[in-house]
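A.B. asks: Heads up: the sequence shown at position 113 corresponds to 113 in UniProt numbering, and the numbers run straight through without jumps.
Hints listed in this document are in silico derivations from the structure and should not be mistaken for laboratory results. Given the structure is predicted, the values throughout are model-derived calculations rather than measurements. One thing to keep in mind: the hints can contain errors.
Said to hold, decoys possible - Once the Cα atoms are required to be at most 30 Å apart in a straight line, the calculated DSSO-like pairs of lysine-lysine come out as: (1) 51 <-> 113; (2) 126 <-> 142; (3) 65 <-> 5; (4) 50 <-> 15; (5) 25 <-> 9.
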Amino acid sequence: MSSGKTGKKLDHAGKNAREALDILKDLGHVDVGNAYRVLGVLELSRNDLKKAKDNFIKALREFYKSTHGRRTVWCAVAFWNMHITFIEQDEKKDSLPWLKKAAILHAEIEGDKHPYTRQYRDSLEKLMRDETDAGGTDKDFKLSDDEAKAIAAVLDLSLALL
Numbered sequence: 001m002s003s004g005k006t007g008k009k010l011d012h013a014g015k016n017a018r019e020a021l022d023i024l025k026d027l028g029h030v031d032v033g034n035a036y037r038v039l040g041v042l043e044l045s046r047n048d049l050k051k052a053k054d055n056f057i058k059a060l061r062e063f064y065k066s067t068h069g070r071r072t073v074w075c076a077v078a079f080w081n082m083h084i085t086f087i088e089q090d091e092k093k094d095s096l097p098w099l100k101k102a103a104i105l106h107a108e109i110e111g112d113k114h115p116y117t118r119q120y121r122d123s124l125e126k127l128m129r130d131e132t133d134a135g136g137t138d139k140d141f142k143l144s145d146d147e148a149k150a151i152a153a154v155l156d157l158s159l160a161l162l
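Between the sequences and the hints, there should be enough to build the whole structure, so can you do that?
C.D. replies: Here it is, written out as structure tokens:
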């Protein structure tokens, strides 16, 4: 638990987010994935990376239950959030597929010129330069088979969905 004023605010926000999640689940609402993502962001703010990652995984699983869900900007943001949890754990190479998927998906949804698409791609180019043996970048930003398999395994999804 966090301490002080910030901790109390995060506790309050977490309580409200869990209540919202329960209501959305009861209603069978399409935003269940986003509620999990918000919980993940709150845990990330607390620096509880395991809980954050668990919530981002739940969010992505919810998004992938429907074609609409996996084609929302919030799905792309959840991939970005997973990337951030790996970065915070100093697991840069493991963050690469998540960032790559965020960049690909955001470009498909919002277009190449959108500020977040550019941010994701800039981050991806830098990470690829820093973490790949070749030192270069793949301007097509395609997931390799191994990267897609790694994501599918974590999310317990069919590879065809990625």
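A.B. asks: Hints first: check each against the structure and report whether it holds.
C.D. replies: Going through the hints against the structure:
1. 51 <-> 113: violated, 33 Å
2. 126 <-> 142: holds, 16 Å
3. 65 <-> 5: violated, 38 Å
4. 50 <-> 15: Since the Cα atoms of residue 50 and residue 15 sit roughly 18 Å apart, the hinted pair holds (cutoff 30 Å).
5. 25 <-> 9: holds, 24 Å
Checked against the numbered hints listed earlier, the structure breaks hints 1, 3; every other hint is satisfied.
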